[in-house]
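Colleague: So you can see what is in the structure, the chains are spelled out below.
There are 2 protein chains.
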Amino acid sequence: MNELTINGARLWQSLMDLARIGATAKGGVCRLALTDLDKQGRDLVVSWAKEAGLSITTDKIGNVFMRRAGKNNALAPVVCGSHIDTQPTGGKFDGNYGVLAGLEVVRTLNDKGIETEAPIEVVFWTNEEGSRFVPVMMGSGVFAGAFSLETAYAAKDTAGRTVQGELERIGYVGSEEPGKHPIGAYFEAHIEQGPVLEDADVTIGVVKGVLGLRWYDCVVHGMEAHAGPTPMPLRKDALQVATKIMQEVVAIAHRYPPYGRGTVGFVEVFPNSRNVIPGRVKFSIDLRNVDSERLDAMDREIREFIDSTSKATGLEITIQQVSYFAPCPFEQGCVDAVASGAKKFGYSSMDVVSGAGHDAVYMARLAPAGMIFIPCKDGISHNEIEDTRPEQVEAGCNVLLHAMLDRANRAG
Amino acid sequence: MNELTINGARLWQSLMDLARIGATAKGGVCRLALTDLDKQGRDLVVSWAKEAGLSITTDKIGNVFMRRAGKNNALAPVVCGSHIDTQPTGGKFDGNYGVLAGLEVVRTLNDKGIETEAPIEVVFWTNEEGSRFVPVMMGSGVFAGAFSLETAYAAKDTAGRTVQGELERIGYVGSEEPGKHPIGAYFEAHIEQGPVLEDADVTIGVVKGVLGLRWYDCVVHGMEAHAGPTPMPLRKDALQVATKIMQEVVAIAHRYPPYGRGTVGFVEVFPNSRNVIPGRVKFSIDLRNVDSERLDAMDREIREFIDSTSKATGLEITIQQVSYFAPCPFEQGCVDAVASGAKKFGYSSMDVVSGAGHDAVYMARLAPAGMIFIPCKDGISHNEIEDTRPEQVEAGCNVLLHAMLDRANRAG
Numbered sequence: 000m001n002e003l004t005i006n007g008a009r010l011w012q013s014l015m016d017l018a019r020i021g022a023t024a025k026g027g028v029c030r031l032a033l034t035d036l037d038k039q040g041r042d043l044v045v046s047w048a049k050e051a052g053l054s055i056t057t058d059k060i061g062n063v064f065m066r067r068a069g070k071n072n073a074l075a076p077v078v079c080g081s082h083i084d085t086q087p088t089g090g091k092f093d094g095n096y097g098v099l100a101g102l103e104v105v106r107t108l109n110d111k112g113i114e115t116e117a118p119i120e121v122v123f124w125t126n127e128e129g130s131r132f133v134p135v136m137m138g139s140g141v142f143a144g145a146f147s148l149e150t151a152y153a154a155k156d157t158a159g160r161t162v163q164g165e166l167e168r169i170g171y172v173g174s175e176e177p178g179k180h181p182i183g184a185y186f187e188a189h190i191e192q193g194p195v196l197e198d199a200d201v202t203i204g205v206v207k208g209v210l211g212l213r214w215y216d217c218v219v220h221g222m223e224a225h226a227g228p229t230p231m232p233l234r235k236d237a238l239q240v241a242t243k244i245m246q247e248v249v250a251i252a253h254r255y256p257p258y259g260r261g262t263v264g265f266v267e268v269f270p271n272s273r274n275v276i277p278g279r280v281k282f283s284i285d286l287r288n289v290d291s292e293r294l295d296a297m298d299r300e301i302r303e304f305i306d307s308t309s310k311a312t313g314l315e316i317t318i319q320q321v322s323y324f325a326p327c328p329f330e331q332g333c334v335d336a337v338a339s340g341a342k343k344f345g346y347s348s349m350d351v352v353s354g355a356g357h358d359a360v361y362m363a364r365l366a367p368a369g370m371i372f373i374p375c376k377d378g379i380s381h382n383e384i385e386d387t388r389p390e391q392v393e394a395g396c397n398v399l400l401h402a403m404l405d406r407a408n409r410a411g
Numbered sequence: 000m001n002e003l004t005i006n007g008a009r010l011w012q013s014l015m016d017l018a019r020i021g022a023t024a025k026g027g028v029c030r031l032a033l034t035d036l037d038k039q040g041r042d043l044v045v046s047w048a049k050e051a052g053l054s055i056t057t058d059k060i061g062n063v064f065m066r067r068a069g070k071n072n073a074l075a076p077v078v079c080g081s082h083i084d085t086q087p088t089g090g091k092f093d094g095n096y097g098v099l100a101g102l103e104v105v106r107t108l109n110d111k112g113i114e115t116e117a118p119i120e121v122v123f124w125t126n127e128e129g130s131r132f133v134p135v136m137m138g139s140g141v142f143a144g145a146f147s148l149e150t151a152y153a154a155k156d157t158a159g160r161t162v163q164g165e166l167e168r169i170g171y172v173g174s175e176e177p178g179k180h181p182i183g184a185y186f187e188a189h190i191e192q193g194p195v196l197e198d199a200d201v202t203i204g205v206v207k208g209v210l211g212l213r214w215y216d217c218v219v220h221g222m223e224a225h226a227g228p229t230p231m232p233l234r235k236d237a238l239q240v241a242t243k244i245m246q247e248v249v250a251i252a253h254r255y256p257p258y259g260r261g262t263v264g265f266v267e268v269f270p271n272s273r274n275v276i277p278g279r280v281k282f283s284i285d286l287r288n289v290d291s292e293r294l295d296a297m298d299r300e301i302r303e304f305i306d307s308t309s310k311a312t313g314l315e316i317t318i319q320q321v322s323y324f325a326p327c328p329f330e331q332g333c334v335d336a337v338a339s340g341a342k343k344f345g346y347s348s349m350d351v352v353s354g355a356g357h358d359a360v361y362m363a364r365l366a367p368a369g370m371i372f373i374p375c376k377d378g379i380s381h382n383e384i385e386d387t388r389p390e391q392v393e394a395g396c397n398v399l400l401h402a403m404l405d406r407a408n409r410a411g
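From first to last, the protein sequence lines stand for chains A and B.
Take 0 as the starting number for the first sequence in numbering that gives the first Met the number 0 and just add one per residue.
Take 0 as the starting number for the second sequence in numbering that gives the first Met the number 0 and just add one per residue.
If you are wondering where the hints come from, they were derived from the structure by calculation, not from laboratory data.
All C-beta atoms in this analysis are idealised placements derived from N, C-alpha and C, irrespective of residue type, glycine included.
All the pointers check out, no bait thrown in.
Here chain A is said to cover these stretches of chain B; the calculated rule only asks that three of the stretch's residues, wherever they fall, bring their Cβ under 8 Å from a Cβ of chain A:
{"id": "1", "region": "236-242"}
{"id": "2", "region": "252-265"}
Not everything, but these chain A residues come out facing chain B in the computed CB check (under 10 Å):
{"id": "3", "residue": "230"}
{"id": "4", "residue": "252"}
{"id": "5", "residue": "270"}
{"id": "6", "residue": "273"}
Derived lysine to any residue pairs resembling SDA-like cross-links, with alpha carbons at most 20 Å apart:
{"id": "7", "chain 1": "B", "residue 1": "111", "chain 2": "B", "residue 2": "68"}
{"id": "8", "chain 1": "A", "residue 1": "243", "chain 2": "B", "residue 2": "265"}
{"id": "9", "chain 1": "A", "residue 1": "243", "chain 2": "B", "residue 2": "271"}
{"id": "10", "chain 1": "A", "residue 1": "376", "chain 2": "A", "residue 2": "14"}
Sequences are here, hints too, so could you generate the full structure?
Modeller: Below you can see the structure in the form of structure tokens.
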């Protein structure tokens with residue numbers, strides 16, 4: 000195999016070096032957006048970028064673009080990246096991997112003296128995690144026009160400090176208008192944050208898209224009554240009706256494989272007393288699928304089931320959609336670039352979808368986009384024990400390198 | 000119809016008079032055990048008993064026996080009664096009805112100059128409700144030897160005051176040893192506290208017995224995971240498995256009609272977050288039936304279902320019994336006396352069971368016992384809107400009168 004390869008040891012070392020900033024006793028990282036630690040992390044990555052000869056542009060929401068010039072700098076850059084803020088009990092890889100893999104791509108190109116047609120840029124987006132400030136995916140969201148800079152600036156943490164104030168304090172308010180930066184194509188390498196690749200013993204996940212979701216609140220109204228004196232036929236047991244619906248949520252997801260998901264995560268029973276028949280049950284419904292048609296069909300099925308259950312039981316049941324994100328299919332060219340990158344190296348690979356949101360979802364609104372997943376141990380992320388293997392980290396970065404080269408040179 | 004009848008208006012008036020002590024703005028009664036109000040209520044009932052020529056005996060736990068002599072005072076008395084303490088948001092009828100119906104029986108016998116073979120007694124038991132001091136059904140429980148006088152004396156309210164201290168304070172510590180008082184037979188008239196009679200439009204419930212119960216805590220152990228990235232086949236969703244069991248609890252009750260009851264009243268989901276697959280679900284199971292054989296069969300069924308569900312899903316499920324009360328069938332002679340009392344007057348009647356505990360359950364350990372139920376509005380009790388109709392109150396008391404006469408004269 001004579002393919003161009005990145006330096007896996009160097010990438011791993013960079014991941015470990017960045018993970019020292021905000022390192023936790025349990026081996027994780029706590030580096031919340033726009034804290035002093037975030038500033039230290041940003042400064043370190045920017046210093047590495049400068050060492051690699053990249054030029055830096057920061058926009059008004061603190062997104063940082065690190066640019067390696069191409070042969071034809073009139074072309075829109077091929078961009079990769081992710082984020083370097085973490086959850087309070089975050090790990091070393093979520094986000095950081097996508098940024099440092101991009102930096103490793105650049106370092107490799109520098110080592111070999113390779114020039115690309117289009118410029119290449121590595122970006123880190125502000126506050127992807129949303130732990131300290133909501134909305135989540137804030138930097139990429141403002142960039143894509145999902146919400147305004149003013150909305151983002153006004154967001155407060157629990158201590159009442161604003162995004163604007165904290166950005167100013169750490170010195171990351173740039174001059175560029177968010178969204179004015181050209182994006183030719185966008186790639187993001189990321190740990191899977193799920194169990195699929197590990198379960199299938201596959202190295203590279205070719206991400207076809209990000210699942211759309213519909214969130215609902217459902218309330219079943221029964222009548223509370225003493226559990227002893229009330230015979231079964233005279234009951235209006237809200238929980239018994241609610242559990243039928245909870246079962247159906249999962250059954251619906253199974254009817255839309257392989258990417259259908261149905262989850263009831265939250266349940267509140269009133270009055271929640273051992274010997275009282277529940278009079279009211281409120282619970283959440285989370286439905287996801289990879290395309291709008293299937294997600295809409297799942298929506299119809301749960302609504303029809305609730306209607307017919309209400310009629311059959313005589314109990315009032317309300318369902319209210321509280322959140323909606325459309326499915327985000329990635330551009331086929333980018334998906335193919337990832338797949339052929341994996342094939343070049345003989346890595347085992349499979350088509351996957353992302354169940355969680357990523358900055359790439361917002362980028363897909365603006366430009367062809369794609370993602371590369373690598374396995375993470377036990378499918379666990381947002382946890383200090385989040386882990387992945389050096390050879391997988393290396394493999395994902397090799398795929399990123401070739402996908403970006405493919406795209407950057409195709410442009411020429 | 001030339002049957003001997005009680006004075007319904009007088010009984011109703013007594014109920015309303017007693018309900019003034021501790022009356023609440025919403026039309027209910029708050030007269031907690033061993034408070035000043037309880038003393039006032041006790042004093043009023045005792046004064047009525049003395050006016051009716053009854054002799055008073057109080058035992059060491061404050062149970063008060065009010066005796067009308069018979070022709071043969073060597074015979075054990077035929078006793079009726081209930082309690083006059085209430086829930087904090089209690090009504091006018093729960094307990095009070097059974098005591099004042101007994102007093103009305105005595106007044107009627109006095110009016111007509113009727114002598115019975117065996118003596119007749121009316122009793123009110125201390126602290127049936129258990130709102131202020133636990134255990135519930137304290138006076139009858141000590142009397143029946145279910146727990147000791149010392150245990151009852153040591154019980155404290157939330158302010159740290161003991162049963163013994165409060166009994167002394169209100170002057171209701173008698174000299175008789177609890178349980179030393181002879182009981183020839185025991186009847187208790189009571190509002191149903193359930194919806195069965197009202198639903199069937201029936202006046203008299205012939206109570207066959209009190210349901211036994213088994214209470215359990217059940218815990219399903221799954222694995223929490225993000226709702227998005229985790230495909231359906233790789234989930235260990237504790238709630239989905241728990242809801243199968245919750246459905247089965249109700250299904251089992253339906254398989255043991257007409258007195259089987261199955262209730263899940265309490266549910267706790269961990270971590271109870273909208274987009275996290277539940278990792279652990281704890282819930283209560285309440286199974287009841289009228290005889291031990293059927294209750295034991297229900298117990299076997301739920302345990303077998305949990306075993307097979309655990310095997311089928313691979314999830315650990317624990318079930319632990321946390322409470323058991325044996326079913327309490329009433330003596331057939333007493334049940335028949337109630338049924339024939341209803342028949343005499345042409346009242347509509349039906350066999351019922353009590354789903355809730357009553358002092359009669361403890362009396363059934365010591366002597367033949369029976370209960371008479373009358374409907375209560377919407378099946379509601381332990382609530383200030385608790386209500387029943389004067390003609391139903393009168394009917395139940397007429398049945399009580401004849402059941403007691405039957406028993407008291409049969410003895411002769």
